[in-house]
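Under the working numbering, think of the first position of the sequence shown as 521, with each following residue one higher.
Hints may be right or wrong, so weigh each one.
[As the list claims (entries may be wrong)] BS3-like mimics (lysine-lysine), calculated; alpha carbons at most 30 Å apart, straight line: (1) LYS808 - LYS796; (2) LYS820 - LYS786; (3) LYS860 - LYS954; (4) LYS677 - LYS714; (5) LYS860 - LYS639; (6) LYS639 - LYS677; (7) LYS1014 - LYS990; (8) LYS677 - LYS1138.
It is worth saying that the hints were derived from the structure and are not from the lab.
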Amino acid sequence: MDSYPNPCPEYSTQGATGQLFSSLVTTLVGSYCALGGSQYYPEDRGYMFDSSSGPFEYDFIVVGAGSAGSVIANRLTEIPDWRVLLLEAGSDPIGTSDIPGAAFLIQKGEHDWGYITEKDPDICGGFTNGTCYWPRGKGMGGSTLINFMLYVRGNKKDYEHWKSLGNTGWGYEDVLPYFKKSQDMRMPHLKNSKYHGEGGYLSLEDFHDHYFDGLSDSIVKAGEELGFGPSEDANGDVQSGFNNIPGTLQQGARMNIARAFLTPIKDRKNLHVVKKAHVTKILINDDKKAYGIQFVKNGKEYEISVKKEIILSAGTLNSPQILMLSGIGPKSHLEELGIKLVQDLQVGKNLQDHFIFLGNSFTTKPLHPEAKEPLLVFDDLYEYLTRRTGQFSKVRLANVVAFISTNDKNYAEDYPDIEYHHIYFPANDTMTLKHVLIMFNMESELGDELLRLNTEKDLMIQFPLLLRPKSRGHLLLRSTNPFDSPRLFPGYLKHKEDVKTVLGAVRFTQRFIKTSAMEPHKPEMLRVQYRACSQFPYDSDDYWECAMRQVGTTCYHVTGTCKMGPEEDPGAVVDPSLRVRGVRGLRVADASIMPHVVSGNTNAATIMIGEKAADLVKADHLGPSGHT
521 MDSYPNPCPE YSTQGATGQL FSSLVTTLVG SYCALGGSQY YPEDRGYMFD SSSGPFEYDF
581 IVVGAGSAGS VIANRLTEIP DWRVLLLEAG SDPIGTSDIP GAAFLIQKGE HDWGYITEKD
641 PDICGGFTNG TCYWPRGKGM GGSTLINFML YVRGNKKDYE HWKSLGNTGW GYEDVLPYFK
701 KSQDMRMPHL KNSKYHGEGG YLSLEDFHDH YFDGLSDSIV KAGEELGFGP SEDANGDVQS
761 GFNNIPGTLQ QGARMNIARA FLTPIKDRKN LHVVKKAHVT KILINDDKKA YGIQFVKNGK
821 EYEISVKKEI ILSAGTLNSP QILMLSGIGP KSHLEELGIK LVQDLQVGKN LQDHFIFLGN
881 SFTTKPLHPE AKEPLLVFDD LYEYLTRRTG QFSKVRLANV VAFISTNDKN YAEDYPDIEY
941 HHIYFPANDT MTLKHVLIMF NMESELGDEL LRLNTEKDLM IQFPLLLRPK SRGHLLLRST
1001 NPFDSPRLFP GYLKHKEDVK TVLGAVRFTQ RFIKTSAMEP HKPEMLRVQY RACSQFPYDS
1061 DDYWECAMRQ VGTTCYHVTG TCKMGPEEDP GAVVDPSLRV RGVRGLRVAD ASIMPHVVSG
1121 NTNAATIMIG EKAADLVKAD HLGPSGHT
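Kindly generate the complete structure, drawing on both the sequences and the hints.
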């Protein structure tokens, strides 16, 4: 073990005082080490494929240890006779990923695929090279390693709409038990709710940060003035309103989905996990039966056989990529690349994302006028390491989420079309602000203006999230090389109705900051002079549309690229049992199967998809009574 030189050689660490300081350091280091590490996750069994000549065969192979794949691997191995192989392209999480307050800092690291969209002159103009950065999680836990931990299911009507499209078994009453099944709800006022469960693998806790009480209370009251009062539970009876959203947390630490679902079962004998395993192809015979998987680990290629099924849970971008590399996808596109066609399906189409607009920002007078001294960051970190409380146990105002409607019809039906998230920067918090701008690849005048104003004033980005976009994007293979990233075409704002809805959200914010509840904070809307928008008068509709096309981007909720639908749906890739059409022994189970993106953050819905997928598999192989 390496030893470090004593920085204070003239002082002894002996005696009561020395031992006290030594204990302090040991406690802090031990607390940090307890945050994460390989000891919490299933062993990497990749060595087995080198130590034995094979052949290697499993009952099921699950690709991807994210929000759905981790759940599926857990539930399938509840059957002792089923041997399950779980393949994950990434590694075990680093310790800092467990710190909620570090959410701004962990993207663009080893746990992020770091995808970049294709250049489009109509969008992403204020970001590096006119492209949008799309973070996607890579590691045990998938995107729950790098997300903002909010547990939002969407609206009841989303699932009723899925059902109306011919997806039998996916209505709200059908999926509610699967939402509840995962949960261990720990927020006292929701513990006995008919909409929530207790005793499940996924811990849900209060995300409230009392440091911002003075502002968060005003935000809720301002919403009430505008007709959107506080909602007790956005996942319950009424979605509309300003809400305190639960977080996927456990005692102040991030609860990524692999930690929730795989840590408790990491020693199950019938579960084998291989990490840093990059899946390159699904093996399909001439009878269109999936019989195995091909992957690369440490530069070596492996082929593993499957008896029953392969479940693809690699995510909205990687699942369609793997399908197309395996010959399942649009005929014309695969033929262009010389890939042998197995099944002509609309893989990669129907891409939907929750577009967000970062230019919806305003300043306020300092909430805490005392200067934020640099050393106070160390105080915050000390509090977190010793108690798992304080600033690092939260993500500022992330818990304050609003669901509003920009038209009377949606308001009357409690079917919001906008979700507001809040990012708050106290005055002179330019270090964090710079990290956030880097996170988005921001190169716009907006970033310069935010940094300038933050030297004196508090900043709030109240960014609107477009809940039900009418615009559609798509993805294509870049090449036949499985290590090349897919080509991503977001399609943002192609439909004028989307522009109209986001503009309605901007006008709502302008009314919001003029409420009596917000008046004590002296909010002022930012007036950013975008060079690309100089021909439009400030605050005109054309100005705001231009600004959206400069600094609008992803909220990380990409869905729909392996659409679920009935047999008569020409755009469907999987049926309502998540089986790939025309190919036996192959399912897709992740956010890519959503026919329409849900009206809220997508993690909770993806976990539900994993729970339901596991029962669909069990029912097919064990009979209707075989699922749990």
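Cross-check of the supplied hints:
1. Restraint check: the Cα-Cα separation between LYS808 and LYS796 comes to about 28 Å, which is no more than 30 Å; the hinted pair holds.
2. Restraint check for LYS820 and LYS786: the C-alpha separation of about 26 Å stays at or below 30 Å, so the hint holds.
3. The suggested pairing of LYS860 with LYS954 is violated, with an alpha-carbon distance near 47 Å, which exceeds 30 Å.
4. Taking the CA atoms of LYS677 and LYS714, the gap is about 18 Å. The hint holds against a cut of 30 Å.
5. A threshold of 30 Å between alpha carbons decides the hint, and for LYS860 with LYS639 the separation of about 29 Å falls inside it, so the pair holds.
6. Annotation: proposed proximity of LYS639 to LYS677 is violated, straight-line Cα distance about 34 Å (limit 30 Å).
7. Taking the CA atoms of LYS1014 and LYS990, the gap is near 8 Å; set against the 30 Å cutoff, the hint holds.
8. Proximity of LYS677 to LYS1138 is assessed by CA-CA distance (about 28 Å); at most 30 Å being required, the pair is judged to hold.
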